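Q: Single-letter residue listing:
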Amino acid sequence: MEIKLLGDSALLIRVAENFDDAPGDALNKVLATKRGLEAAQIPGTIETAPAYTTVALFYDPTRAIDAGAPIENIFGWIEQRIRQALSNAGEIHADRTETSLVEIPVCYEQEFAFDLDEVARHAGVHWKEVVDLHCGADYRVHCVGFTPGFPFLGGLPRKIATPRRDVPRKEIPAGSVAIGGTQTGIYPIKSPGGWNVIGRTPLQLFDPEKDPPVLLRAGDRVRFRSITREEFERSTT
Amino acid sequence: MKATAIRAGFLTSVQDLGRTGFREFGVSLGGALDTHALRVANLLAGNDESAAGLEVTFGGLRLRFADDRIVVWCGGDFSARISSTYLAAGHPALVRGGEEFSIESPALGCRAWLAISGGINVPVVLGSRSADLRAGFGGVTGRPVRDGEEFPLDENPQRAKVLIDKLRREKIAGWKPPHDWSNTARREPVLRFIRGVDWNRFNDGTTQRFTADAFIASPDSDRMGIRLDGPRLERSEDVDLLSEAVSPGTVQVPPSGKPILLLNDCQTIGGYPKIAHVITVDLPMAVQLCPGDSVRFTEISIRNAHALLLERNRNLEQFRRGLEPHFQ
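Respectively, the protein sequence lines represent chains A and B.
If you count the first sequence from 1, position 210 lands on 209 in numbering that gives the first Met the number 0, and the numbers rise without skipping.
If you count the second sequence from 1, position 69 lands on 68 in numbering that gives the first Met the number 0, and the numbers rise without skipping.
Treat the hints with caution; some may be incorrect.
To be verified - Heads up, simulated BS3-like pairs for lysine-lysine below, C-alpha to C-alpha not over 27 Å straight-line:
(1) B/K160 <-> B/K170
(2) B/K160 <-> B/K175
(3) B/K175 <-> B/K1
(4) A/K169 <-> B/K175
(5) B/K257 <-> B/K1
(6) B/K257 <-> A/K3
Calculated from the structure, these hints are not laboratory results.
Values in this document were obtained by computation on a predicted structure and should not be read as measured data.
So that you can see chain A by itself, here it is in the shape it has in the complex (with noise of 0.2 Å):
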């Protein structure tokens, strides 16, 4: 485990090493230090910030100094407290993740995929295969990133995976679904983007209204189900 500066207020613990070969590993081992630097309650934390193959902590030096960091090491401090943290928590291992498996309705209509055909051109197959292969598969979420609420998804079929569009469009509509290199994702909110667009969920992936404000979260389980145009409507009204 690998412990870095990431400026003078956050560090960025890095738990594991190779992500391609065994992502499900990485992302069981983040979650699981998330959890152990949450349970930790290391003074001064402010917040953590959990990615494919890192945890960053966010802190407070001067509430480290107060709960005793030594001034001219508080970096060293905290990271002591980091490896006690982790070790106590034992081996970080996270078979038994708390994990949901969330159903997202997609509507794959030519009106809303701008680039199917394009994925199905770069697959060398018919576009209702993609829509099978996308919706065929079982995906976990890596992070949470981008734009609020945005989740990337590993688990995307090798034959599906298509490189990003070289130039991006400006505006992505929101409940976006797209392939983006080997993984896909959903835009939660109007935006700017360079993947595929091949579909749109009615559901709302981020509102600021809501506790938690996200309907993904890093460790979920996603699987994708294709609806009639009708049925999109239907759920949005």
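Start from chain A and add chain B according to the hints.
A: Same frame as chain A, but now just chain B:
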């Protein structure tokens, strides 16, 4: 109890100290780009330091108040007035109901923070009143203030009432915070940094260029980050990394080789290599950079970065205590 923006100016938004606790959901920190300046202005206005104020970019704001208020502004070298009377940065001033406060375009720097006694009373969303302009929530319905916009102010706190009474005759207080705190823009600033997580991914020539050469702030800069033109920063390996956390102050280098200094509205995670992190106490200078302004970077140790931050916090604590007599 409200204020009316007769003119909203180039870009004015409601900001407080920002949103914490939602990074894992991809929600940016947000808040005033210079929280220290907003804290100081709030304390001088008799507010809680976390009250929501206005972040004014490039001036052009004209405000009218329905009742008597204390106003204080800090930031770049702007010219501000109450009716026709000049108001320097950092001086608490009484604006009578019906009077106008205005702030014109700056001679140096680009941003100012205005505290109004009582604070701006827009709804708290995800723990903050700050406008997240990119995601479209918080502040005034998630967008900048518009011409003619009215927004609610909370009642003057007791401390502000005391100050209002004291300033009935002189209008503008003779006292102010340290000059560094009220006037934060500098010509050709040198920003101190600690090495970035990916410092070693850059070759020696690149890291030397980063610390030796000047960079120029690009017009394509906003609350998400300051894009910098200048020497191209070559990366040793041309691979994008797995996304991981970034933070305001992070200097990341996209494939173009032109670094971006991230600010409060930046994404929570990013995949570009991080060459440096500008230290917290130097961010107030950074956020005053206008398109065309020159900036340099110089390395310091984490120990010194922490010492500077703690010194500033101690000074703020002392300042807070020193203000007490004015509010009694």
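Q: All hints are to be evaluated individually against the structure, with a verdict given for each.
A: These are the hints, each one checked on the structure:
1. B/K160 <-> B/K170: Holds. B/K160 to B/K170 sits at ~13 Å (cutoff 27 Å).
2. B/K160 <-> B/K175: Within the cut-off at roughly 18 Å; holds.
3. B/K175 <-> B/K1: At roughly 26 Å apart (the allowed maximum being 27 Å), B/K1 and B/K175 satisfy the hint.
4. A/K169 <-> B/K175: 46 Å, violated
5. B/K257 <-> B/K1: Given that 27 Å is the threshold and the Cα spacing comes to 44 Å, the pair is violated.
6. B/K257 <-> A/K3: 24 Å, holds
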